[in-house]
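*Asks:* Each chain, written out:
Protein chains: 2
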Amino acid sequence: MITGKNHIGYTRSATGNTTYHTFNPKKNIDNEHKYYEASTQEIKTAISLAHTAFQEYRATPGVQRAAFIHAIANEIEALGDTLFETYMSETGLPEGRAKGECGRTLGQLRMFADLIQKEDWRNPTVSGEHNELKQLSIPLGPVVVFGASNFPLAYSTAGGDTASALAAGCPVIVKSHPMHAGTGELVAGAIVKAARDTGMPEGVFSNLNSSGIEVGVQLVQHPKVKAVGFTGSIRGGRALYDLAGQRKEPIPVFAEMGSINPVIITQNALENRGSDIAQTYADSITLGVGQFCTNPGLILGVASPEMAVFVNDLGAKTASIDSFCMLHPNIHKAYEAMGEEVLAQKEIQLVASYQGVTEPAFAQAKIATVPGAAFLKNTKLHQEVFGPFSLVVQCEDEAQLVAIIQQMEGQLTGTILAEPEDYERLRPIVEALQDRVGRIVFNGVPTGVAVVDAMTHGGPYPASTDSRFTAVGNQAIKRWVRPFSYQGFPQELLPKFLK
Amino acid sequence: MITGKNHIGYTRSATGNTTYHTFNPKKNIDNEHKYYEASTQEIKTAISLAHTAFQEYRATPGVQRAAFIHAIANEIEALGDTLFETYMSETGLPEGRAKGECGRTLGQLRMFADLIQKEDWRNPTVSGEHNELKQLSIPLGPVVVFGASNFPLAYSTAGGDTASALAAGCPVIVKSHPMHAGTGELVAGAIVKAARDTGMPEGVFSNLNSSGIEVGVQLVQHPKVKAVGFTGSIRGGRALYDLAGQRKEPIPVFAEMGSINPVIITQNALENRGSDIAQTYADSITLGVGQFCTNPGLILGVASPEMAVFVNDLGAKTASIDSFCMLHPNIHKAYEAMGEEVLAQKEIQLVASYQGVTEPAFAQAKIATVPGAAFLKNTKLHQEVFGPFSLVVQCEDEAQLVAIIQQMEGQLTGTILAEPEDYERLRPIVEALQDRVGRIVFNGVPTGVAVVDAMTHGGPYPASTDSRFTAVGNQAIKRWVRPFSYQGFPQELLPKFLK
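For the record, the sequence lines run as chains S and P.
127 is the number of the first residue of the first sequence in my numbering; add one for each residue after it.
127 is the number of the first residue of the second sequence in my numbering; add one for each residue after it.
Calculated from the structure, these hints are not laboratory results.
In this text, all values refer to a predicted model and were calculated from it rather than measured experimentally.
Keep in mind that the hints are not guaranteed to be accurate.
Because identical chains cannot be distinguished in the list, a pair is counted as satisfied if it fits within a single copy or across any two copies.
Taking lysine to aspartate or glutamate pairs in the DMTMM-like style, the calculated list, with each CA pair at most 20 Å apart, reads [unchecked claim]:
1) K604 <-> D246
2) K374 <-> D561
3) K374 <-> E535
4) K153 <-> E211
Isolated chain S, as found in the complex:
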């Protein structure tokens, strides 16, 4: 079923000359299939088809778009083991994760499909003495979605961005992530089959292979592209944001980027359950080999004997968890390099590192610690080390802890581990965190982002490029629509659901 070709509307196409392979990090070998990088002509055709499809697709009733999106979920489900095997061969991730992420992906698709069965999501509003002004949300136009390295299913080809944009009435062009081009092609095939079967216009979806940056650049710069969704690094997201902002007609870019997800632990919490917290966080730090955007990369507390015990305990527990391979040797290399850079800073101390035998691309989980004053002075320590790494900052006092939070860049999440007797004095910490994050977790872990209405997955820059929207949950659809008003319109010309 994998051909290595691009999906340009309903056609499989491979007119370009550049090819590449995906890599099996667990076996440390290239995978079999060869992928054809999309050519400039293929990019243009995909955009042209999307532009034309938009005219029809945006006027397609919600129930029909819902049927399309439900069909996508069913087609992906029908891929079964072929999908899971390809997924595992391209990521090194275990079967349980493949199946879990697939379930999340299907759930997201079906959630957006259900949302658009009725038109309430468009926020229809009427005003005026004779209801002469009627407003509703309409789709922006063709959306480009960049696949994420760390979520080949849930934030890639048919992930949250694609599902919400298709639900909104926007055609989608996916720039497939090169690390999992095969998974991407399988899912793209499922989307195309669903589109054909449910009578959607050709061009409502295309999937472009690309191993470099050129395809993405051409997509974002094209005048007929009207919005961009991205999940990945700060460098990548910022580059796309800048490109989109420099267009003659700038377009919105929703990029969900890096985060170190600070966790604050109070002295009381350490005294009452320090050992439990150490185990919970050792698990959270190493979950998915630390390759989650909500990975807890920074732990903050006030220095104390109990904190010293906790740091060592967390180190021992983290280092004792089995090593596992990262998604790609490049990600492993970056993890090693970033870790080395951070550990080379003044006053930082490596507490523990996985000591077992590792294979190529397998990550050594690491815990380090640093005094609060040193952290405050040195922004190199504030960088994300993408992988199973966490830095424990031991502050002089709570005032310094608050100062650190205030100085931090924007984050997806902040977590507070505290006891009821702490609540009163927590207010300055809650307030400082509120300024810097999109979601505060109380006595939990930041990893695990529920796909529900009340979820905020986004936050002040650089957690995301537009904190006014969430990338997860029903409200993610708002990224791809704009309000539109009909004034004094005859019934005959109004959209059906506004009559």
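Chain S is fixed; fit chain P onto it per the hints.
*Replies:* What follows is chain P alone, placed relative to chain S:
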């Protein structure tokens, strides 16, 4: 009551060396007062105060912020004739307009104050089996508002941007428009008095004088500023948008900019009521000396004998309306220059121009016409001529008319003048317009923007820099907030309205 000083929090300050005067375009003389351009230190102090005030102001209950905003409206109302006289002396606009715009301004303030009496506007949402995830909208932080030349009250110091940002819980720093610095100072004084009287933190509002671009640049580049509101030219809005996008932490800019507001007239409408339309549009084109962002600068129809009659009729009626002074000699100069540039293009024909005696800064209203093919080829004809100018494009057929709409830049509004027998064939026009505008008006005029829930004042770039929001109506508050989630939070630490 006018001192020429800046309002830096609760202090009147004038530490800078640069001064300027406002101008009375009707009398063609400088006004009396001297205004002190804000110094770099004053800018920094205003931002620092706003940043500090934000911590307290965002946590102020809605009813208290509402009381503050109601007090602003009352204080502005209490300025009475002083305000109107200053307004008229700085704009040349008549008393009726001053009073009308003041009424609109008070209405907007009171609307936002009423909106935040309850917390529904925050869209509070709960999810999870045990409601463990609670989401609501929280304010972004200090907002910079740029006063608009053409609305000294309704879109300036205490205009829609300021009212919605204060309502959202964001402190506001106004960059006063140099053409009406006196009006701005009076209104700023009213806001500061209201803030003091209702116990708001110092720094919740500041007003900075500025005759050049430097104050605005410093404001937009400052890391503690978190969003920008602007109403004005494409050049000015784009410059701010670019500055904000180039920051280390980019921030949202909502700029409402130029628009030529296309009006489509069908043959049936021309035949049935061409003369009435000519009168209605002559009035709309010259309303406020054409200085509205929704001014109808482009009229589209299919060439016919009736169209030829209409064009001459519109010209005659427009040219017969009394001339009036524009807001400022610079605006008048730009009107003349832009008009000349457009009229120098190939195949364009001047139909009529006001022929009476005009004084300096008084505008000659003009109607011109051009064939559809020439318009399609020449984007110089698509530019806004800010003032009482409208270009009638006579198309070969409806296909050409649709092609023109499709090729146009984004617009605030589009208008259709049609008869019931036209409805079926209007669909391609409605669809093309929907892609290019934020509001379609049916059998009306685009001028007159009702401040109601269902209003969309915004549109695809360059009508605004973010079409996903409106600048007018209750929903304008959404520009200044972001979603925020509390996960597993103890009741004690939740905001009151989420408990």
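*Asks:* Against this structure, judge whether each hint is valid.
*Replies:* Evaluated hints:
1. For the identical chains of this complex, K604 and D246 are neighbours both inside a copy (12 Å) and across copies (18 Å), given an alpha-carbon limit of 20 Å.
2. Taking the closest pair of Cα atoms, K374 and D561 come within 20 Å of each other only across two copies (17 Å); inside a single copy the shortest separation is 33 Å, beyond that limit.
3. In this assembly of identical chains, K374 and E535 lie within 20 Å of each other by CA distance solely across copies; the values are 10 Å between and 30 Å within a copy.
4. For the identical chains of this complex, K153 and E211 are intra-copy neighbours only, at 13 Å inside a copy versus 81 Å across copies, given an alpha-carbon limit of 20 Å.
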